[in-house]
Structures are given as structure tokens and as C-alpha cells.
Amino acid sequence: MTDDDPDAALLASVARGAPRAAAELVARKLPRLLSLGQRMLGNRAEAEEVAQEVFLRVWKQAAHWQPGLARFDTWLHRVALNLCHDRLRQRPAQERLEDAGDVVHIPDPGSMPDQALDAAQRSVHLRAALATLPQRQREALVLQYYQELSNSEAAGLMNVSVDALESLLARARRTLRARLGDERKETA
Amino acid sequence: MTAEQFDEYLDLYGADLRRWPPGDYAAACRMAEQALPDLQARIAQTRGLDAWLDADPVAAPGLALVNDILAGAPKAPERPWWQPGWLWPAGMAGVGLAGSLAGAMLVSLLLQHSLLVPALDRIERGTAFSAIPMEWSVE
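Protein chains in written order, with this note's numbering: chain A, 1 to 188; chain B, 1 to 139.
Treat the hints with care, as some may be off.
[Unchecked claim] Here are the computed distance ranges between Cβ atoms for each label pair:
1. A:A12 with B:P37: 53 to 61 angstroms
2. B:A44 with A:Q66: 43 to 51 angstroms
3. B:P37 with A:A170: 21 to 29 angstroms
None of these hints come from the bench; they were simulated from the model.
Because the structure is a prediction, the values reported are computed rather than measured.
Just so it is clear, CB atoms sit at the ideal spot from N, CA and C, and this is done for glycine as well.
Isolated chain A, as found in the complex:
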């Protein structure tokens, strides 16, 4: 599929047991995996567990990796996403309802002036708003906006068409905008 995978050579060094290569691969990929896990699961500790599980698979797979069949980064995202899906499925029904956006009440930041919201508060509000998005919308936004994957890469990972992904993205942004109070501020 692609012969210019920027991670292929590094992965080959990892397979040979080069300690520096393993450290470099972790430095290159771990922050992105944590970002994906934390935003998908809304929980840092679980995100770290997912990242560890992903790397266990990387270490096992390194010697068998066949360059050209798939981009390593895409494979990495697929493994991480599947692990996140497993964890989301195992959550109690109440939490899944919250994932669907039916239950959670988030603070209304629109009622506060922006200056009054420090960075930590904004972060809390955003996480709450992201948590209320339906899982597929959140996933589309996380992959495309935060992980900076192309629409076709994100669509491929989610097994949907690009059109379907774009529809999910647009709905996610509209929902967030409404929940974060921008609409209200505009009309005020």
C-alpha cells in the first residue's frame, strides 16, 4: 500500500533489539496514543493502560512487520481504537447512556465570561462536553482533529465512507458548539 512508511526502518531496528530504537519509537508514538485513549475514554489511567497494551502488541509484532502492506501509524491507531472500544463496551450501561449524551449535565460556560474561565476550568468543560457526544461522533472528531488524520484515514479506521465521516464530524461540531455555549453567546 505504501513504501514510504516513516516508521518502517525504526520498527526494523526495534525488531533487532536496538534499545535506542525502542526508546525512539515510544517517544514518537506514546503521546499520540495517550491523546487518543484519553479523549476516547475520558480517563488518563485507562488511556495509559491502553497505551501499554498497544506497545505490548508492537513489541510482539515488530519482528513480523511487513513494510508496504499498511502504514504502521494506521495499524497502531487501529489497535488502540479496538482496545478503547473493548473498554467502552465493558462499561456499565449507565456510563454508556452518558456516552450517548442523554444524561450528563455539564456546566454552562456560556453563563460565565471567558476571562473567568481559567485553563483548568475550560479543560473540565470541554471534557464534559466531549463525553456527552455519541461515541461515533467523538471518535470522528478525535481521529480527524486531535490525531490529525486525513478524512480518508479516519474513515478507514472507522469502517465508514468519507461522506459518513464528514457527516459525523459536522454533527459533532454542531453539538459541541451548542453545548459549550457559543450559540448562546452569539445571540446574547
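Using the hints, position chain B against chain A.
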């Protein structure tokens, strides 16, 4: 690029035009510069949402997590205990030195032998017996 397409892209990619498809970047920049007030308002609204989305940075991984992960990384095959890494070059050097010494000894032995043989020869030829004329009995 039409105003409708610009509006649609705001919902897909946000207000940062660098995130938009590269092929549409130039046209999008032109449209943003010439945007009418309602489109300007949409850009501002989208920029506000982008600011929210960027308000939740993910903390860098801690050292303990990195170390835990690296502990499981593949290791290069270890040498046997009797052949640690530092001993291997030293051993090779030792073998080379021993070979050189043995060679030098052999050469010296050979040389000694080649010098010794004529000397022995001379000694043998120069014995009292050999120096004695064969016809001594005649005398």
C-alpha cells in the same frame, strides 16, 4: 470555492485554514479575506469552538510509564556468559597476539636451526678426527 462549500469546510476542519485540504487552501484564503459579515461571523464562531477544543492538552507521559513500556521491548540476543561483549574483542586480540608470538618463535627456531646446521657441520668437519690426515699411518 463557493460560500456554501466554505461554510461546510468550517464544520469539517475548523477555522484554521492550514487544516483544510491543501488543494483548497489558496481559494479558502481568498474567500476568508473577502468574506461578507455573515461569513465572518461563522468564521469567528468556528474559531471559538477551535479554542475550546484546544483547551484540553494531554499531559506528557511520565517516566514510570515510559520505563514500564520499554521493559517489554525486544532485546538483542545475549552472548553466552563466557563471551561477554567486552571480552570478545579482547579475546580476538589475545588470539592474534598469541599467533604472532608463536610465529615469531617458530621463525626464530627455524633461523636458529639454519644457522646451527652449518655450524655443526663445521664442527663436525673440524673434529680432531677429520683433521687427521688419512695417511698418518703411513707417516
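So, going through the hints one by one against the coordinates:
1. A:A12 with B:P37: 53 to 61 angstroms: holds (56 angstroms)
2. B:A44 with A:Q66: 43 to 51 angstroms: holds (48 angstroms)
3. B:P37 with A:A170: 21 to 29 angstroms: holds (23 angstroms)
Hint check: no violations occur; every hint is consistent with the structure.
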